[in-house]
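Trainee: Sequence:
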Amino acid sequence: MKKLISVSLAFLLTFTCSLAAPSSWAENDCDEAVKLGLVPDHLQSSYQQPITREEFCEMAISLLNVCGLDLSSIDTSHCYYADTNSKYVLQATALGIVNGVGGTGTTSLFAPKKLITRQEAATML
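Residue numbers -20 to -1, 1 to 105, in mature numbering (1 follows the signal peptide of the UniProt record, and there is no 0), belong to the letters of the sequence shown in order.
It should be emphasised that the hints constitute simulated quantities derived from the structure, not laboratory data. Where is the CB? At the ideal position from N, CA and C, for every residue including glycine. Treat each hint with caution, since some may be false.
[What the hints assert, rightly or not] Label pairs and their in silico Cβ distance ranges:
id	residue 1	residue 2	range
1	Pro20	Thr97	18 to 28 Å
2	Arg98	Ser57	31 to 41 Å
3	Lys94	Ser57	16 to 26 Å
[Stated by the list, open to error] Listed below are the simulated DSS-like cross-link pairs for lysine-lysine, each with C-alpha atoms no more than 27 Å apart in a straight line:
id	residue 1	residue 2
4	Lys93	Lys15
5	Lys67	Lys93
6	Lys15	Lys67
7	Lys67	Lys94
Given these sequences and hints, build the entire structure.
Mentor: Here you go:
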């Protein structure tokens, strides 16, 4: 379990600064993360491009699923953003992993396409 988490965290942190194939120094960790089911198919390219807030949420929730947490019963009914209804974003919000970027109530914003910084990734992790 420790190896899974350490490989996952290393991958998630390096993914934020990862073109099509991963850099040679990240290749083994990226391959392992794909094998473990941490990287959705649509994110298995452009490794050297920045990652969005929504994509990061998807991988963070994938990590929790791979670790065996049952997230199917998470209540996301109190989570709302005017600019996304991504189940991964809503689950990550309900778990306290992420927050919005402004607004309140029906005008709350998440900025799902905004690129994240390493400090934001570290805070979410």
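Trainee: Could you work out which of the previously given hints the structure breaks and list their numbers from low to high?
Mentor: Per hint list: zero violations.
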